[in-house]
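Protein sequence lines correspond, in order, to chains C and F.
Just so you know, we're using the numbering used here here: the first sequence kicks off at 1 and counts up by one.
Just so you know, we're using the numbering used here here: the second sequence kicks off at 1 and counts up by one.
Just to be clear, a hint being listed does not mean it is correct.
Just so you have them, the derived chain F footprint on chain C, three or more residues with Cβ under 8 Å [unchecked claim]:
(1) 9-22
(2) 44-58
(3) 183-190
Interface residues of chain F toward chain C, partial, derived using beta-carbon atoms under 8 Å [unchecked claim]:
(4) A294
(5) H297
(6) E688
I should point out that these hints are in silico values taken from the structure, not numbers from a laboratory.
The model shown is predicted, which means the values in this text are computed figures rather than measured ones.
Ideal Cβ placement from N, Cα and C applies to all residues, glycine included.
Next come the chains, spelled out residue by residue.
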Amino acid sequence: MSDQAATAVSRASGLSKHVTGPAGRLTILAGLELAIHAGEAVAILGASGSGKSTLLGLLAGLDDPSAGEVWLCGQRVDQLDEDGRAALRAGRVGFVFQNFQLLPTLTARENVLLPLELTGTPDADRRADAALERVGLSTRMGHYPRQLSGGEQQRVAIARAYAPHPAVLFADEPTGNLDQTTGEHIIDLLLEQRHSSGAALVLVTHDPRLAERCDRRLQMRDGRLEPLQ
Amino acid sequence: MTTWRLTLRLLRRDWRSGELSVLAAALVLTVAAITAVGFFTDRVEATLHRQGSELIAADLVLESARPLAETFAARAQAQGLRIAQTLEFRSVVQGERPQLVLMKAVDAAYPLRGQLRIRSALDASDQAVAAGPPVGEVWVESRLLRLLNIRIGESLNIGATRLRIGAILSAEPDQSRAFFNIAPRVLMNRADLDATGLIGPVSRVTQRLLIAGAVSEIDTYRAWASTQLNAALTLTAARDARPEFSAALERASRFLHLATLVTLLVAGAAIALASQRLVERQTDTVAVMRCLGAPRHLVLRVLIGRLVLFGLAASLLGCLVGWLGQAGLFAALDDWIGVELPPASPAPLLVGLATGLIALLGFAVPPLLQLAQVTPLRALRRDLGTPRLSAALTLSAAGAALALLILWQAHDLELGLKLLGGVLATLLALIGSVLLLVQFAGRLTGRVRGVWRLGLAALTRRSATAVLQISGFGIGILALLLLAVVRVDLLEAWRETVPEGAPNYFLTTIQPADVAPLQAFLSEAGIAAPLLYPMITARLTQIGDRAVEPSAYPNPRAARLASREFNLSYGAEPQADNRIVAGTWWSEGAEAAPQFSVERGIAETLGMQLGETLTFSVAGRTVTGPITSLREVRWDSFNVNFFVVASPALLQQEAASYITSLYLPAAREGVIAELNRRFPSVATLDVEALIDQVRAVIERGVMAVEYVFLFTLAAGLLVMYAGLQASLEQRRREHGILRTLGAGRRTLLTSLAVEFTAVGVLAGLLASVFAEATGWLLATQLFELDFQLNPALWLIGVLGSGVVIGLAGTVATYPLLIHPPLRELRGG
């Protein structure tokens with residue numbers, strides 16, 4: 001393992017994923033190699049169905065690979081069972097989803113508190129409030145998701161993702177459900193939070209403007225990643 | 001710590017957001033029904049027992065042929081119970097000629113329950129009095145005046161003393177105990193007894209200690225006294241007073257428990273449907289929690305913890321609703337019930353709480369286990385859906401909860417097992433039929449077009465949900481139709497067990513020489529000639545090769561039955577209201593070989609088996625024959641009935657008296673006075689008061705059952721609402737797609753109407769079949785009542801449910817068509 005690979009917060013080696021459907025075996029990822037380092041922002045682009053979201057799920061330990069190794073925060077994810085992967089994710093990995101995925105029965109503040117409470121963070125309340133303040137929602141803490149606009153919901157999701165100070169944040173089409181102006185604000189916020197937290201950011205997106213602002217851009221093609229200039 | 005904090009937070013939020021409302025309503029209803037019935041039966045049974053007390057003039061009676069030990073009275077008084085003592089013996093009084101009478105000497109406290117009724121002259125009306133005759137006075141049965149040709153105010157020689165006849169004795173509360181007594185009755189004050197000199201050390205005297213007081217104290221006393229019994233000492237409680245009365249009470253109790261069980265089943269279906277919806281709604285929440293690092297065991301602990309806390313909260317609320325419900329009902333019926341009720345015990349609360357938790361765990365845990373299996377990847381890919389529920393796990397958990405609750409609530413293992421078998425068979429048949437019908441609808445889909453295709457395809461596309469939904473609707477409609485069957489048909493049949501015109505007079509001790517003149521007299525009086533049954537007193541000496549020893553029976557009732565004399569009868573045909581339940585009745589009529597037919601209850605109590613030989617001692621002669629049939633007797637019909645009936649060959653040569661019952665309207669009571677005058681040896685017993693009491697039990701029972709069925713009705717409606725809600729989440733997305741593809745609102749609305757009407761018709765059809773079958777089973781197997789098919793039920797079941805579910809389903813899902821499709825597609 002090279003020094004560079006050893007410092008990677010997320011790494012995949014020889015990563016493959018196949019699924020069997022009615023038309024036979026379909027290869028989504030074919031021996032893919034990737035290393036993401038602390039504080040780095042990486043954009044993964046690609047056509048629909050090219051396997052971007054599958055890769056994200058595998059890197060975050062949400063799914064099992066068909067072959068290859070996946071490392072997260074220095075641990076082999078593919079050798080852990082589901083509970084082991086959950087324990088690894090807790091507090092170290094943040095997520096931002098296209099559909100926001102806020103819990104509808106919890107307020108904005110309670111949604112942000114959720115990952116902090118799962119890890120038993122002692123000053124959870126203060127950190128949740130600070131996270132919401134950083135995304136400009138200190139006045140909307142008691143609101144439920146249905147009482148917030150799409151942009152506001154995504155800001156709560158960003159606050160939730162960064163509140164536990166994760167080592168890496170995975171974002172799946174974070175602007176996909178937002179209009180252009182709101183989308184740009186969300187991009188600003190994501191990158192700004194990345195800088196202040198020092199967490200690595202792995203972004204799956206169709207949006208070239210968002211990709212432009214990342215340190216590295218990778219194109220998914222035929223189950224492998226190629227660097228984009 | 002994390003688990004508890006998360007559990008409480010999610011529970012609080014889910015409760016507030018209404019996420020758990022259907023589940024909560026189902027649980028509250030279940031617990032409220034169980035609790036209300038618990039309180040209700042506790043208190044009503046106590047009230048009814050109190051009324052039973054009026055038939056024995058006390059709450060408990062200790063009876064002995066020897067002087068009663070002082071400890072019995074002393075202990076009762078020490079417990080704060082009221083007591084009275086009576087002595088009963090046969091004697092001869094002297095008038096124009098000597099006459100055998102049944103003397104009863106009572107103290108000032110008699111009667112403890114009920115009232116004595118007397119008349120000041122033969123043609124005067126009855127009046128109630130609180131105590132027996134004063135010192136120096138006797139009250140006598142009217143026929144004694146005629147037999148001795150004496151009048152009120154004259155004196156009667158009783159032993160060594162003379163006592164003045166103060167009044168005619170019309171009724172004693174415990175009169176029915178001397179039902180077949182041939183001698184006229186004389187009531188005297190106990191203080192006069194010594195002066196008569198009639199009671200000596202060898203006199204045959206029946207001594208009774210009457211006891212009354214608070215229910216709990218009576219229970220304590222009865223438990224103690226039961227341990228002191230011997231062959232010569234028997235204990236009678238209010239409930240054992242009369243078989244007519246306890247039969248009605250038994251049925252009331254069965255109806256109530258059945259009503260509760262139906263509510264439990266229907267609410268269980270609502271809980272299962274609501275849990276299914278909860279799983280759909282919470283899948284994303286669990287996926288996100290798993291993404292954020294919550295391990296599966298934590299998720300499971302949070303889900304189960306939330307369920308248990310929720311179950312406790314909803315069950316407590318249910319207990320409160322149940323308590324308020326019964327309190328409100330009793331407050332409303334205060335005057336009608338007419339006696340002070342004992343306070344409700346806390347036991348029904350615990351039963352309610354336990355029932356709520358068992359039902360919830362049984363029906364909702366499998367869906368929650370399913371929820372804990374949600375993969376975190378679902379947060380990224382919504383197309384992954386929810387993990388499939390294990391059918392074996394779901395059925396076994398729900399089956400175990402059902403079995404536990406039914407066996408527990410039925411209060412009778414045999415009844416519980418029968419009910420459980422019936423319920424499981426019904427559920428399996430229902431689900432099997434639904435599966436077949438859904439498959440049939442699937443085949444039909446390919447042959448129709450447009451909205452019909454869309455509507456029917458929706459059924460088969462979501463076949464698992466459709467099966468759950470149609471079964472849920474089916475159970476809901478089944479409950480509603482059963483209400484119609486039970487409420488209208490069964491309860492009416494129950495009322496009919498004591499119809500208008502039920503016999504209200506018993507004529508006993510009719511001598512053979514009086515049979516023909518009596519029939520002629522009744523015919524002249526315009527009363528349809530009643531059937532007269534021969535009656536022969538006998539003592540049971542052997543069952544099989546076992547000698548009958550009362551002390552060998554640990555059950556006090558069995559010991560009492562074994563020690564007393566039986567009134568046997570004989571006949572060629574069984575009585576019209578008897579039903580042979582085992583063996584066969586002698587088909588050769590009067591020519592049949594010697595044999596017996598025994599009432600099933602007494603056969604069970606005394607341990608008599610079909611085929612065993614019974615030996616009776618009849619006036620010193622031994623009579624033996626095998627038991628060839630067991631009968632079920634409707635004691636509450638007020639017809640003459642016997643525990644043991646023999647074939648004519650066995651008893652017709654014995655000296656017999658005759659007995660019959662007849663109905664006389666109030667306006668024709670004069671016939672009885674004339675009958676008493678013309679046939680002084682015939683004893684007449686007016687059972688109008690007893691009939692009224694049995695009718696009161698039935699009426700109160702009917703009302704209580706209808707009250708409990710209100711909960712069933714609510715549960716039935718709730719299960720249908722839960723059924724409508726069950727598929728909403730899946731529908732939301734499908735409609736978004738269909739509308740994006742250009743399906744107009746009208747098209748979708750019509751397809752919804754087609755789908756829900758089809759669901760309604762299918763569920764209604766199945767429910768009608770099962771309602772009739774269940775009604776028939778209940779009527780014939782459980783309540784021993786007649787049953788008739790009800791065509792209106794089918795019409796209402798099939799058409800009604802088609803229209804109502806078609807409309808309700810369409811209206812409930814209409815909001816999905818109002819919102820822009822993008823919102824549904826984005827999952828907002």
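How the hints compare with the structure:
1. For a cut-off of 8 Å, the count of residues in the region 9-22 of chain C with a CB near a CB of chain F stands at 0, and the three-residue condition is violated.
2. For the region 44-58 of chain C, the stated coverage by chain F holds: 3 residues have a C-beta nearer than 8 Å to a C-beta of that chain, and at least 3 were required.
3. With 0 residues carrying a beta carbon less than 8 Å from a beta carbon of chain F, the region 183-190 of chain C misses the three-residue requirement, and the given coverage is violated.
4. Hint status for A294/F relative to chain C: holds, with the closest Cβ pair at about 5 Å, below 8 Å.
5. Interface hint status for H297/F: upheld, as the beta-carbon distance to the closest one in chain C is roughly 7 Å, under 8 Å.
6. The criterion of a C-beta within 8 Å of any C-beta in chain C is not met by E688/F, whose closest approach is roughly 65 Å, and the hint is violated.
Hint violations for this structure: numbers 1, 3 and 6, all remaining hints satisfied.
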